[in-house]
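Line by line, the protein sequences give chains A and B. Residue numbering for the first sequence is 18 to 316, as defined by my numbering. Residue numbering for the second sequence is 374 to 687, as defined by my numbering.
You may find that some hints are simply not true.
[What the hints assert, rightly or not] Which bits of chain B does chain A cover? Going by a derived footprint, with three or more residues having C-beta under 8 Å, they are: (1) 409 to 417; (2) 476 to 484; (3) 520 to 532; (4) 584 to 595; (5) 607 to 620; (6) 628 to 641.
[As the list claims (entries may be wrong)] Estimated spans, in silico, between C-beta atoms of each pair: (7) B:LEU598 with A:GLU208: 40 to 46 Å; (8) B:LEU600 with A:GLY77: 52 to 58 Å; (9) A:SER81 with B:ILE596: 50 to 56 Å.
Hints are computed from structural coordinates only; laboratory data are not their basis. We put the CB at the ideal spot given by N, CA and C, even for glycine.
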Amino acid sequence: MSTLTAERTTAAPADRPRAPKRRLRGEAKLHPLVWVFVLAVMGFSLIPFYWLVNTSLKKGASLSQGELFPSQPTFENYLVVFQNAEFLLALRNSVIIAVVTTTVALVFASFAAYALARLKMRRKAMILTLILSVTTFPAIAIAAPLFSIWREIGLYDMLLGLIIPKLTFALPLAIYTLTSFFKEIPRELEESAYMDGATPFTTFRKVILPLAVPGLATTAILVFISVWNEFLLAVTLTTSPEARPVPVAIAFFSGTSEFDQPLGTISAASVIITVPLVILVLVCQKRIVSGMTAGAVKG
Amino acid sequence: MATKTLAPRRGPVRGGNGRDQAERRLAVRMTAPSLVLMALVAAVPIGYAAWLSLNQYSVRTAGLSRFVGLENYVTALSSPEWWASFGQTFLFAGLSVSLELVLGTAMALLLNLAFRGRALLRTVVLLPYAIVTVVSAITWQTMFQPNMGLVTNVLSALGLPGGDVVWLGEHGYAMTVIVLADVWKTTPFAALIILAGLQVISAETYEAAELDGASKWQAFVHITLPLLRPAIVLAAIFRTMDALRVFDLPFVLTRGANGTESMSMLAYTQLRENRLVGEGSALSLLTFLTVMVVSVVYIRFAGGNIREVAKEEQ
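Just chain A, same shape as in the assembly (with noise of 0.2 Å):
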């Protein structure tokens, strides 16, 4: 066990300082010049998201003199998003993909994160180098000839076409971060179910899968993301808004009224689409760190 795991694993769950000593020292002084970087780093974050509603918010003149506040908001550009015909199926296609292609990765890969964590193994260490060097592969090196394949045998412009090149790229990203969540469940009580006479599946099925299920949890999130992000595959393998994911559509957006600045309903859009993942953040943020430093730092 990693004393970085180890370490994230005992401090993550409370927000408490290292050390008391650590702690006087930061609660009783923190030095005013580190408060105005804190504020610094919180503008930083929040003011493009400020900025990207108060755009959504704004038409015609108000839009195109970029008032600081908008003294005239209207909810105008939304409306247009939610009934363009285009955008709805986009949504659509980007949760049937996200869904499915989370589910069937976290599937695939509590087995194989199963077997590297646990079992023992030929070769274990090469297979883990060749499962992590698949995610830093160039999008474009897949996706150029898949192109040329799926129009070949009818898979182009097609969401399963979508659908099983992401899984290539989800599946690494939720083998490594299944792997370490598996290494810290306690060996202890495998043994006593293999004392009792069950075999490895058994023990996997009815002992680490329910204890895992944070784990799970966890990297289905990050699955989630990593897929419902995804831009140069779902650009390259389609061409019809019936097949498009969300961030496609919004690239091609090009407003639908003709006399209004298409920025504020491209702005709406991205609003739209930005709401639940900022919920998502707000609920699972512990989850999302652990997920993400836990493949990060074993990878």
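Based on these hints, arrange chain B on the given structure of chain A.
Below, chain B alone, put in the same frame as chain A:
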């Protein structure tokens, strides 16, 4: 998760070789589906791309092609577009990754301090990370849009240069916006990796340094940074590999104009917009090779660090 990890123990010797073999067979069965899928959808297409790149395809008649050997590579490697996209991709990666590492280290140091509002800061910092990259691009487009953007308006109001510049329409300026959009979205990732490294450094180390009369700055330079190196290198590797395949940001912000066309974008344009399957495949393989070479160099160069981390893991 909160369970305290116990020292790993070898499984009981009961059963001996028979159980070992059964276990190995199970391990193969459990990993096979994932490995087969990855091989089919990653390795096979790359092999096919190699074949495509050796042929020339008719734009007019579907299915008509002829073998041209390495001609597509010669065309690509002697084209100014390839070398421009090569340079621009590395410029982008160099600028954005170094900014992300410096800012990420600073953010990690902040998040490691105990102060009221630390949890809030962590949430706020994490928000841009979850955002779709395309949305990050649009967000920064709204910030820099002439007349409408916050940055452009503030610059104008203060009488500073840049207020009346069409940022996405000019060389240099366009790259700045793309780098900012990337730094905004991915610094949290670097910060969290570095924070994980920071939390391993024990408080005693600092107390010892303090007793020896070291200033905070000296402690940072001589203790924190060297001990943080493995975490920083790790963040650098992940971020560099990701930055070298940049595509979404220039696609949305400039469609590759004004000195922002990345290697991935050039391959995409040749393939999809110009329908040059052979040359597009050659370009995508060149991109792939470039990224692989960089990753090998990185691991060679930083190998000592990674081996140390691996040793700690045991």
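Going through the numbered hints above, which ones does this structure break? Give me the numbers in ascending order.
Violated: hint 4 alone.
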